[in-house]
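The residues making up each chain are set out below.
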Amino acid sequence: MRVTINGKTEEVSGSTVLEILRAKDVSPQMVAVELNSKMLEREELGSALVKDGDAIELLFYLGGGD
Amino acid sequence: MPFLPDSEEQVTRYSRHILLPEVGGKGQQKIGQAKVLIVGAGGLGSPVAFYLAAAGVGMIGLIDSDAVDLSNLQRQIIHQTPDIGRPKVGSAKAKILALNPSVAVETYDRRLTAENALDLIGRYDIVVDGVDSFPAKFLINDACFFARKPLVHGGILRFDGRVFTILPGQSACLRCIFKQPPPPGSVASCQEAGVIGALAGVIGTIQATEVLKLIVGKGRPLTDRLLDYDARETRFREIKVAKNPRCPLCSERPEITRLVDLEPEVCAVRTA
Ligand SMILES: [Zn+2]
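So the protein lines, in turn, are chains A and B. Each residue of the first sequence is one higher than the one before, counting from 215 in the numbering used here. Each residue of the second sequence is one higher than the one before, counting from 69 in the numbering used here.
By construction, these hints were calculated from the structure, which means they are not laboratory data. Here the structure is a predicted model, which means the values were calculated and not measured. Where a beta carbon is used, it is the ideal one built from N, C-alpha and C, also for glycine. A couple of the hints might just be wrong.
Below 20 Å or equal to it, Euclidean Cα-Cα: the simulated SDA-like pairs (lysine to any residue) are [claimed, not checked]:
| id | chain 1 | residue 1 | chain 2 | residue 2 |
| --- | --- | --- | --- | --- |
| 1 | A | Lys252 | B | Ile152 |
| 2 | A | Lys252 | A | Ile219 |
| 3 | B | Lys308 | A | Thr223 |
DEER-style ranges, computed between Cβ atoms [as the list claims (entries may be wrong)]:
| id | chain 1 | residue 1 | chain 2 | residue 2 | range |
| --- | --- | --- | --- | --- | --- |
| 4 | B | Leu186 | A | Asp266 | 18 to 28 Å |
| 5 | B | Gln238 | A | Lys222 | 43 to 53 Å |
| 6 | B | Leu165 | A | Glu225 | 20 to 30 Å |
| 7 | B | Leu141 | A | Lys252 | 39 to 49 Å |
| 8 | B | Ala172 | A | Ser227 | 58 to 68 Å |
| 9 | B | Lys308 | A | Glu225 | 38 to 48 Å |
| 10 | A | Ser227 | B | Gly92 | 56 to 66 Å |
Counterexamples of contact, computed for chain B against chain A with all Cβ distances above 10 Å [what the hints assert, rightly or not]:
| id | residue |
| --- | --- |
| 11 | Met69 |
| 12 | Pro70 |
| 13 | Thr80 |
| 14 | Asp193 |
| 15 | Gly237 |
Extracted from the complex, chain B is given alone in its bound form (with noise of 0.2 Å):
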């Protein structure tokens, strides 16, 4: 639903957006606007579902296939012990509208594949990467720039996480870093070699801001630079990359020139 600047309500809740310069009721308006497509309610959809949920987003996407599951509740905030069991897609749901019924929540209990990918996109203006596998990071990467829509990345592993903006077309894109997924099995998923929970928070929240900063238009997007963060040292840096001329997706001279589905990740741990 819109900002509504007449109602009393509207205006209280987000008062502390509105007090800020660079959001203003205009910024607000355009929150109240924007619809942003989630991808994976898990670890990082967590938060980002919360913070854009709080702060007002008009219409936020909801796309996981999979149930609740006792062993997501360590960082997966959005669901609790009694949603086990239950398609995260409706335990988000619920709570995005508990926090704040004035969002639109558009929820899909499936997989996102090369199929369905662009139509699904194609209804938002921001994408929001919240998936644990390479295909599926490769798929949104491939999608959001065929649709040219912005995308924010996000990867959490161990005590390691990183977030990305990708503006298609206009900044690097994963595949100008990494021009394929890895060897299928070569890298560890989150659910093979752990992660810290909070980790997922902080991450997430940097995706939520950079998604808030793209819709007001203010500040400046994390594009063309990783932002890497050791949890360990507690320490960020910042890794300045470019639009690669040989990227195999954004170049001027592209192999990749429609969607195709990844080969699927063979996991060697599975937990039920």
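Extracted from the complex, chain A is given alone in its bound form (with noise of 0.2 Å):
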């Protein structure tokens, strides 16, 4: 399947965002995450399914300033 993650088109494996996450070993709790430009909490990931075509945004915490 074919997704648009942080607007590069990628060939990923599962059919959750969770899965997606687990995949790219990319810790839950560590990411904000839009499917299709809507925000979903934390416990909706395993349950959001993704299909071909789907785009989604990984919103990692950035913090410095110093």
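Quick one: dock chain against chain with the hints and give me the complex.
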């Protein structure tokens, strides 16, 4: 399945957002996720189904400033 | 000090602003009356303070409890080699006044805390986030929400930067995206992971531009979208976000109803 992750098209395995995060070795604690521009709650990641052509945004914490 | 349209010095100093239809004499007047609090006089705070001072912002507040360290000078351009050891707010104030003596500068040589945040922020019109830690970033976000002050958030790390403008109650806040800070120690800070120095300039100058737009009330603020900059690839991306009906802070049924100090981060590396 091909999805767009942060603007780049990628071949992914997994049918839910959580499975894709696991495959990419991204901890759900460390990221906010949008599926097709809709923000997902952490509890929804395991049930959010991903289809071919979907767009996922992984928003990582970015904290520095000093 | 307010902009004085009868002063030749002032008209000349701000002529490139006054020429802009979006600013003009009226906009320059607004800039001269504006009060902006910069939290953190470091990497982001340096360019923000310089550009806001150059623009003639009437009053600039600076809060930071640190002293200038040799390792700061690679990116914190408001501080210079002879300033090492000096409180950052005093060092920054001196540079602001040298650049533009008509700016009133208030310095607070301390940390922003749940105790002092609302009082301090309440004295200003707009707040700029230039701090290094997540607990501080969330505290600023929350305090600006309670005080109803616009906030220009910024972040830099390694080769990555981010800017995000928040109009409390109207647009998405930091907690609409990230409900809480990451677990302590899970995300690196600049002092642990490094940062390309010029990145502070890219992000800080965008923050300063956002502040000036808010002051003159022109243009479209960077609300409800994160601007992420990847300096490795020289790529800017805009990520649309929205006010989250389940935000613990700014939604209809908030979990957070007052300011609290968040767990300070445990830093693995401390370069004194
Ligand atoms: Zn919110």
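Structure-based check of all given hints:
Restraint check: the Cα-Cα separation between Lys252 of chain A and Ile152 of chain B comes to about 47 Å, which exceeds 20 Å; the hinted pair is violated. Proximity of Lys252 of chain A to Ile219 of chain A is assessed by CA-CA distance (about 14 Å); at most 20 Å being required, the pair is judged to hold. At most 20 Å may separate the alpha-carbon atoms for a hinted pair to count; Lys308 of chain B and Thr223 of chain A meet this at roughly 18 Å. Restraint check, Leu186 of chain B to Asp266 of chain A: a C-beta distance of roughly 49 Å breaks the suggested window 18 to 28 Å.
Range check, Gln238 of chain B to Lys222 of chain A: Cβ separation about 32 Å, and the 43 to 53 Å hint is violated. At about 57 Å, the CB distance of Leu165 of chain B to Glu225 of chain A disagrees with the hint of 20 to 30 Å. Against the hinted window of 39 to 49 Å, the Cβ-Cβ separation of Leu141 of chain B and Lys252 of chain A comes to about 44 Å, which satisfies the hint. Taken as a hint, the range 58 to 68 Å holds for the pair Ala172 of chain B and Ser227 of chain A, whose Cβ atoms sit roughly 59 Å apart.
At roughly 25 Å, the beta-carbon separation of Lys308 of chain B and Glu225 of chain A lies outside the given 38 to 48 Å, and the hint is violated. Separated by about 57 Å at the C-beta atoms, Ser227 of chain A and Gly92 of chain B satisfy the suggested range of 56 to 66 Å. Residue-level check passed: Met69 of chain B sits 29 Å from the nearest beta carbon of chain A, beyond 10 Å. A cut-off of 10 Å between C-beta atoms confirms that Pro70 of chain B is not in contact with chain A; the least separation is 30 Å.
For Thr80 of chain B, the non-interface assignment is confirmed: its Cβ lies about 34 Å from the closest Cβ of chain A, beyond the 10 Å cut-off. With a closest Cβ-Cβ approach of about 21 Å to chain A, Asp193 of chain B is found to remain outside the 10 Å limit, as its non-interface label requires. Separation of Gly237 of chain B from chain A is adequate, the least Cβ-Cβ distance of about 18 Å exceeding the 10 Å criterion.
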